[in-house]
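Colleague: Following the hints, put chain E in place on chain C, whose structure we already have.
For the protein sequence lines, the chains are C and E, in the order given.
First residue of the first sequence? That's 0 in our numbering, and the numbers climb one at a time after it.
First residue of the second sequence? That's 317 in our numbering, and the numbers climb one at a time after it.
Be aware that one or more of the hints could be misleading.
Each computed DMTMM-like pair below joins lysine to aspartate or glutamate, with the alpha-carbon atoms no more than 20 angstroms apart [what the hints assert, rightly or not]: (1) E:Lys-497 x E:Asp-463; (2) C:Lys-304 x C:Asp-129; (3) C:Lys-544 x E:Asp-463; (4) C:Lys-281 x C:Glu-227; (5) C:Lys-198 x C:Glu-71; (6) C:Lys-328 x E:Asp-324.
Quick caveat, the hints were computed from the structure, so don't treat them as lab data.
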Amino acid sequence: MSADAVVSDRPVAAASRLLMSGNEAVARAVWEAGVRVAAAYPGTPATEMLECVATYPEIYAEWSVNEKVSLEVAFGAAMAGSRSFCAMKHVGMNVASDALMTMTLTGVAAGLVIAIADDVGLSSSQNEQDSRFWGRFAHVPILEPADSQEAHDFTLAAFELSERFETPAILRLTTRICHVKGLVAVGERSERPAAGFHKDVGRWVMVPSAAGRRLPMMFDRERRLRAEAEVSPLNVVETGSDRRIGFVTSGPAYMHVRESFPDAPVFKLGLSFPLPFDSVRKFAEQCEQLVVVEEVEPLIETELKAQGIALSGKDILPQSGELSPQVLKPAVARLLGEAVPEAARAAPMSVFPRPPTMCVACPHLGVYYTLSQLRNVTISGDIGCYTLGFGQPWNALDACISMGASMGMALGLDKGRSEAEQNQKVVAVIGDSTFLHMGMQGLLDIVYNRGNVTVLLLDNRAVGMTGGQDNPGNGRDIHGKEAPRVDFATLVKALGVREERVHVVDAYELPVLLRTLRDETRIPEPSVIITSQPCVLIKDYHALKPYTVVEDKCTGCGNCVDVGCPAIHVTRRDRVRKASGREVDLAFVRIESAACTGCGLCLKPCAPDAIVHVDTLAMPIKVIRKSAEPAPQA
Amino acid sequence: MSATGKYDTTNILVVGTGGQGVMTATEILAEAAIALGHDVKKTEVAGMAQRGGVVSSHLRFGPRVLSPQINPGAADVLLGFEAAEAMRWRHMLRASGLVLMNTGRLVPPVVELGLYDYPDDPVAAMRATGTRVYSFDASSIAQQLGDIRLGNTVMLGAISDHLSFPAEVLERCVLQRFAHKRAELIELNRLAFAAGRAAAEQAAQSATAAGAA
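Next up, chain C with everything else stripped away, as it sits in the complex (with noise of 0.2 angstroms):
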């Protein structure tokens, strides 16, 4: 079909270069760079940098409790000499930049690079963020790569810059490099003993009076990069034959503009803060006007600006989002004053949405399908798989803002209630990894400061939104190996809960929580739930024997689909007026027993015992019957 479209006249790949993602590719070149340490706390789109990164044995790799920490373990290293490295995304580096504004101060004495992936275009995040802005307000670089090619170049420069300006130096990604896969060239590993920490109180204990000296002394390193900048190989000048618009580009927009304007001049900055004031004031020069393309805020531009240099940026393109060909073209022809080119595209077909869901049997499932029963309740959320109870058929998470949260946002809700609210129950929704994150010092602060909040602590052993990655409350490191496992009913108590309002409960045992929820919210302490079943995505879970659905048994009540498992479809609707004169709709179901493993989940709410294990079918009718009484769990 669309042979003409292949030419391979300048076959460009060679056995030498690698399909990698640019996360892999981070990792790749930090493992040449000779780093030693490397920590994270798992984040779309970081989370595959430090798996990566811990399949190479040379390194030390962890999984940190939370961001903070992983930059601190980090800098850490990096201050006995050790090369390190530290990955996150976006919103990670709000948690460690208490960390970051003091060791930019100190500065490093081995290569320290970040890795902080932006989640532009929000594909799984609670906001959009432009982690530029560190560079500005810690006065560190910010590297910028385009693809994956550079996003392993780029992780070589800035372990060099890190060093020659003993600067903890950030790498910039977006969504866009790190889950594009392109080829790459790699290199080997070229090994950097640890130099060993070197005493030093006036550098490395930030006390006033210490700090206050090294502040000029940031400012100078500053001045320093941004003179780097006017000379670095990573800002490069590309000539172009149409010289109406210059471009000035930064990161996968680079990739937008070169493809959407192939003819254009282009000022690609690879080392975009400090920005080259005289590079661009000179570029500017050659070309008619100017445009910076940057994802997503104006950094660029309104410094530019400040400099008097005369350029288009945000008046003409969005300040959210990708700058993909799509946004680009019509925005540029806009202000060329040129006819929008008519995108030879029809316009997108109607069709349902697909939101993520949780999965089949998700020990989540029993937990909202409980909450959505109790009434005159607000819930307080968290980050998860279990912030996907805020939508159908739960509706059973009511705020969520960042991790951890849920705990602080429960004792506000519970302390600012208004006198109509007198007995609105509180109940904050929290995961394992989640908890141990950020969420138990909210948990402190709920029983210090003696809220009335019932806690559901959803340990499911994993970090499952982001693929199931371990944590101290399953028991294993990053390597998958045996590690100490925090005990959380213990936890709790330490953190002061009594020791009657701790309760282990299976998630798999819908009276048991709906009972022991009613219980708790009852009764005017702070009170904390868990569940223990484990994240089906992981190992530690088993499938069991699936269910069916005897057909001429539904009566099409739909209590089952109210759970919530996409194992259950329906295969048929009616509408029945009952004797009442009530009009009731029905849905009759059938259960996917391919994808069923078999939790039960459903089985409870079943009235008619209309749902049985997929064997007893093949049995007489008289002995479904009896096996399916509601079968004790597991």
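Modeller: This is chain E only, laid out in the frame that chain C set:
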């Protein structure tokens, strides 16, 4: 010159839902393109896709690939692992492009709850817009071979005769994935690939016949 700029690039869009093997299939297509000496970029938005959400994986190859994303109206082939998902992304196809799609359906909870309807006939709806569609039941083919997970090999077999390189190149890349596995698994995938090829061929014939009638 392609519609996407200075470099001639082939654009293949592979779509489906989380867990269907869309990303793996695209990766195998990428390996085939690399084996032929092309520059390659492959992109998708992962993250929450694992939770049964929408997955669309972009593959671009040619002498040099810049932007990893396929623009709307620029895909040469749309490989749909699920009927409604193929429909969702139809607008990404160029006018002369081809849809190769599984008619198998995965109905999400929002439809089961009665909040939305599943389209009655996705194939007919797409054809009504003038789109060339070759459709077949890859889910059933995989199930008949004994494992629904063979679906992505069936889909790769289906696209193999509609690429700018011989089907055998892609088949080799598929089977390489199982090189260290049991012999019967390799054989199953060989069968699944062949079945996908045959299904697409048959679908092409019936589509042409219907067009002529």
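Colleague: Look at each hint and say if it fits the structure.
Modeller: Hint by hint, here is what the structure shows:
1. E:Lys-497 x E:Asp-463: Holds - the C-alpha atoms of Asp-463 of chain E and Lys-497 of chain E are around 16 angstroms apart, at most 20 angstroms.
2. C:Lys-304 x C:Asp-129: Between Lys-304 of chain C and Asp-129 of chain C the Cα gap is close to 19 angstroms, so the pair holds against 20 angstroms.
3. C:Lys-544 x E:Asp-463: holds, 18 angstroms
4. C:Lys-281 x C:Glu-227: holds, 16 angstroms
5. C:Lys-198 x C:Glu-71: With Cα atoms ~17 angstroms apart, Lys-198 of chain C and Glu-71 of chain C stay inside 20 angstroms; holds.
6. C:Lys-328 x E:Asp-324: With a Cα-Cα distance of about 18 angstroms, the restraint between Lys-328 of chain C and Asp-324 of chain E holds, given a limit of 20 angstroms.
Checked against the numbered hints above, the structure breaks none of them.
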